[in-house]
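Visitor: If you want the building blocks of each chain, they are given just below.
Number of protein chains: 2
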Amino acid sequence: MKSNLIATAAAVLFSAVVTAQPGSILGFSKTAADKQLSTEKKFDGNLKAKNIDQFIKDLSAVPHHVASPGGDANAAYILNKFKSWGYDAQLETFYVLFPTPLTRELSMTGTTNFKASLKEPVLKEDATSGQTATQLPVYNCWSADGDVTSELVFVNYGVPADYELLARMGVDVKGKIVIAKYGQSWRGIKPKVAQEHGAIGCIIYSDPKEDGYFQGDVYPKGPFRPELGAQRGSVEDMPIYPGDPLTPGLGATKDAKRIDRKDAANLLKIPVIPISYADALPLLQSLEGSVAPEGWRGALPITYHVGPSKNKIHLKLSFDWQVRPVNNIIAKLKGSELPDEWVIRGNHHDAWVNGAGDPISGLAAMMEEARSIGEMAKAGYQPKRTIMYCAWDGEEPGLMGSTEWVEFHAAELQQKAVLYINSDGNGRGFLGAGGSQALEPAFTEIIKEVQDPQTNVSVFERKRSADIINATSAKTKNELLSKTTFELEALGSGSDFSPFAQHIGIPSMNLGFGGEDDGGEYHSIYDSYDLYRRFKDPTFEYGVVLAKTAGHTTLRFANAENLPFDFRNLQKTISKYVTEVAALADNMRENTTVENKLINQKHYSIANNATAALLPPVTKDEVPFISFASLQNAVTALEKTTNALHELAVGDLSVANRNVLNKKLYQAEQMLLTKDGLPRRSWYRHAIYAPGFYTGYGVKTLPGVREAIEQRNWKEAQEQIEITAGAINSFTANLESAIAGLK
Amino acid sequence: MKSNLIATAAAVLFSAVVTAQPGSILGFSKTAADKQLSTEKKFDGNLKAKNIDQFIKDLSAVPHHVASPGGDANAAYILNKFKSWGYDAQLETFYVLFPTPLTRELSMTGTTNFKASLKEPVLKEDATSGQTATQLPVYNCWSADGDVTSELVFVNYGVPADYELLARMGVDVKGKIVIAKYGQSWRGIKPKVAQEHGAIGCIIYSDPKEDGYFQGDVYPKGPFRPELGAQRGSVEDMPIYPGDPLTPGLGATKDAKRIDRKDAANLLKIPVIPISYADALPLLQSLEGSVAPEGWRGALPITYHVGPSKNKIHLKLSFDWQVRPVNNIIAKLKGSELPDEWVIRGNHHDAWVNGAGDPISGLAAMMEEARSIGEMAKAGYQPKRTIMYCAWDGEEPGLMGSTEWVEFHAAELQQKAVLYINSDGNGRGFLGAGGSQALEPAFTEIIKEVQDPQTNVSVFERKRSADIINATSAKTKNELLSKTTFELEALGSGSDFSPFAQHIGIPSMNLGFGGEDDGGEYHSIYDSYDLYRRFKDPTFEYGVVLAKTAGHTTLRFANAENLPFDFRNLQKTISKYVTEVAALADNMRENTTVENKLINQKHYSIANNATAALLPPVTKDEVPFISFASLQNAVTALEKTTNALHELAVGDLSVANRNVLNKKLYQAEQMLLTKDGLPRRSWYRHAIYAPGFYTGYGVKTLPGVREAIEQRNWKEAQEQIEITAGAINSFTANLESAIAGLK
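If you read the sequences in order, they're chains A and B. Here the first sequence stands for residues 181 to 923, numbered as in the working numbering. Here the second sequence stands for residues 181 to 923, numbered as in the working numbering.
No wet-lab data here; the hints were simulated from the structure. Check before you lean on any hint, since a few could be wrong.
When chains are identical, the list treats them as one kind, so a pair holds in a single copy or across two.
As the list claims (entries may be wrong) - The calculated DSSO-like cross-link candidates involving lysine-lysine, where the alpha carbons are at most 30 Å apart (straight line), are:
1) K299 - K843
2) K442 - K401
3) K401 - K295
4) K800 - K228
5) K855 - K895
6) K895 - K655
7) K655 - K777
8) K401 - K354
9) K655 - K354
10) K295 - K777
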């Protein structure tokens, strides 16, 4: 009934939009499609918002970080639920380093004496905010132990470009403590870059511009960060490798071989702490020196200066560096025909505190999916392939549970994993989805049939309308109006898809809804059930929508006769990336030439504003011409192959041939892994996607090539072009062999 | 010596820049050029920063608004100085309406009771801030009398687009009091648009984002607006007509015919008052309703809401509506050969309070120019044409002194005025210059020979470097690098050039330096000598630079054999404007089509964010195709004529012919005046430039055409295209007759 409603609405509003023919689904014969649609209808019928509400309430009732009593209780709750729904479920435990704070002191002495509170207040309007005995206090996990005293310098977001501008202001952070604001880059980049520049300590604060009163009313009146709210979070250098720092590349079983902590390449050497804007205010007020550039200024009622301060800042931090258990829950529903092909769905269960939004809102949707399928299974339903539900532990400190599990099971996963579907929280609003672009046509078909609860259109249409309205030019609006396929974002990092996609090449997705759920509760004690039901998804209907979206995706890939990967979309996307990196080099060449001219002709000195003086930038080496030919040839060859693959009459294949082909298809992306991984971070092996070395969560596509260009390492850029082209060519050859094998 | 220095620096740094050949000046024969350069050298040699310092100190010693004792004393001081320097100087008095405040009350009752202070505190660091007995209090001149009580609504900058967005938020200001922030539009637009939308009162406040702590340290630590600083200023509807509201188009002599105040089309019907951000804070905090859109939010530490408030705001204002004298000082130095050709230099002398920066810093430079020329005259020097110095009164309430003088002397000025050169304040930094683009080549020559005091380059080069550095694309930077001619900005309004240029078609310029003198003292008691010498031009050297720039321009036009107007530059500029308005219509057509489609297809409803809900915009009439052919043909014909005029061998002309031609040239722009003026504001008669009906000071080029398109009045747009083309054709025909007259 729902898909009829949607089809009608869509036909009225967007006659240009091609909707699926009734009864026709990519990867399914007519008969199989009818059965599948009936299965999905049953699946939808079982989903209940009140269950999602209850899961969120139960699982966010107490703090449940790694190795906490609340975490253990939640793991047991989840395990029992899966078992009760008929799954073959078990705990799978790894043992990872996980530091918790012992000492946290931040103070200032000089013209003003100040001691930071480092404490989020209990609110009578928030029932769980008073669970102070079991809350992890505000800290950055993987800060070094340290006891440092120095002047303070404000470094804006703390990304490399900020230090370039500081240098032009004549400010050096060497031997100083820096204060950076949250935002723009992933938090772990801030102390890493500070450390690279010689800082001896780092403070990260939540400016009210980012998620405080500037954005909206603060909690409890509204959902935004109150003055003493602060953001916990990991500062493990995940762009080097995620997971247990002591067991890179290996599953952290009890007796795994561990490296020494001091040798862990993804750990900081300097102390770092996150603070609230109330705690930051006196520190920022103590800064002298230049007025901060306009883009650096936040929403505090002060003139932002960059420093250094004359006052001395004292930061003392120490941690309890223990190896502790992380408990993944792995629940299987065995496939009837292809039990050794796995469609995997995952969401983590650990939180920094109560975590109603992050991660429980995503986990609750996933559990409701599993419950619905479990109910169907009890009535006799069996998927063709094995469906696996994974509730990961230890995501917050650094994707611990998922990474160790993937590392431990890597060989088996590379044989069996068809698709990994991740979520990490959910809220009211618009679909957000990333993943391998080969999934786009099948996923588009799915999301055109899932209805948005607040409008009379599909979640596809709602997101498309938002994209159109948010576009800034008539040209882009017109282009988007004619778009019929959803474009999956490239995956960076920041959640449990990373080991699947980037370490072992499993086709992966990350799903969630949001945009009408903005707030400032992230990683604070206020990410609570009380806040969630007021501001994030008051009716829990977007939990149901996520369950439908992820559930249909799971069921389609679990039951498809011909796995609906369309590598033409991936080819188009890679081709776009190739165009981008070539344009990046060209733009850098043009900009470098003109900037060097401006510097040499002293235009910077002449134009210098004496009241906001800046030293001229330094000249940079001119950008040589780089050959992108091998990449361009590789994507051209890939285009032919993906077109040929699409022309195959897969419906006529024997079951045996179809199974051979399917396996080739789901394993295909593994060919895009490179032997040596990325330079200086070999854990990341995917030639097309990686988190940025200096962006953290933010993706870099064609990362070897793009980052070499960005870092002006021309020799490496050329090498990486060849390596990446080689990976694409292997991918193409593998698809060619799949085609040939059928002839 | 200076020009050699500059030529060397320029040659080293910018080999592509063409500098004037030594001894060659546009408009001068070789012999005359040598004499002129020697004159200018003498002129420069007389200029002294310490005189400018002293003038600023003397003339800002006490408050000196219209009809105040301080104003009278300053007028006498200026008059005496000019006389002492040998000028034929006199006071020329007009009698204009000028309201001063009697009652000023602003309060709030409800959940919070609050009474606004409306008072700028005395600062011990600022010697004149304590002259409270003679300061005009904080007010908006030309506010209506009123006593209103209602809820408050925040309207951002208070421009029409803000009300469109308010309507989409479901907020109507009818019967409400609005609060707008200073910035973006000229202040007078804010109550005018509020009144158009049915508001019954208007408050304008200075958000710290605009010129308070967000921008830099506040006074007295730095130059920015302190929490109780407020901006006085006129809200006369000057885009209708400036000057005395009671004598539109006529000089306001003692017995001029006056209209009734209630019939004055440029006066408001609602009360309006400017307040500080300390006074605004409790008012803004009282607002309920939607969170203000991001672009609306300022730098106060609150969540900005749009309202309405539940609390009631009470605003009571009354004024003493008296006709009072404004005293212009007009000082002449008679021309030796062409006494009936006038080169006019002006700057106002009235201020809102002490006005060290606005207007005295500009006036002081002008006086030093006059003093230098006076000194030369005492030694026997006589300019070829008459030089006239004008110190205007009553500029602050609405260009009173200059407008009434121009209206009174219009016929004579249209015969005799060669050029009007305006300034209105000055500070450290970069050249800013606007005016008729026919002046560009001559002015470029001048500013390539005036050296910037802080760098080793000319003021032309310094400004060009700043433009290059501030450009955002390599393409624009490269274009600017090859630019050798300074581009004059089109003149809008906001100073005394307006009656000259836009009412009677006199070629005009507006000059000033700035950019290293930012502050928040504008129209407050803190625009003082103390602040000026600390933050605006500490060494007064930029006063000397303004004197050189304006002085050389005055002397060139006073002495030129062939007046160096180059109408090719004006033609190119008009041609660019024609391209712009045609593109404006095309863009509006494309945008209207796509926006109407988005509205009709309900994309706005579908994309609506429930937590920041907006009604869809309303559809607009589709944009018809408009013919720009007559304008395009007019600029094409003008191009031929201006080229032919440039090819004339003016050096071979007899003195008589040359004088005939010169007069044709300086009167040429009068042909660009239209008979009926602009629609609904006939005082503005220039077809190319006007202040915007909804921007105030901000210029609209081809105003009749551009504003008709912007206001979607397609019929009027077509009419105005024909009228504007007609004016350009008359201008062309007049130049053709000048050429023909010489053959």
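Visitor: Compare the structure with each hint and give your call.
Guide: Here is what the structure says about each hint:
| no. | hint | result |
| --- | --- | --- |
| 1 | K299 - K843 | neither (52 Å within a copy, 79 Å between copies) |
| 2 | K442 - K401 | neither (45 Å within a copy, 48 Å between copies) |
| 3 | K401 - K295 | both (28 Å within a copy, 26 Å between copies) |
| 4 | K800 - K228 | neither (60 Å within a copy, 44 Å between copies) |
| 5 | K855 - K895 | within (19 Å within a copy, 70 Å between copies) |
| 6 | K895 - K655 | between (38 Å within a copy, 27 Å between copies) |
| 7 | K655 - K777 | between (35 Å within a copy, 13 Å between copies) |
| 8 | K401 - K354 | between (42 Å within a copy, 29 Å between copies) |
| 9 | K655 - K354 | neither (48 Å within a copy, 37 Å between copies) |
| 10 | K295 - K777 | neither (49 Å within a copy, 58 Å between copies) |
The structure does not agree with the numbered hints 1, 2, 4, 9 and 10 stated previously, though it agrees with the rest.
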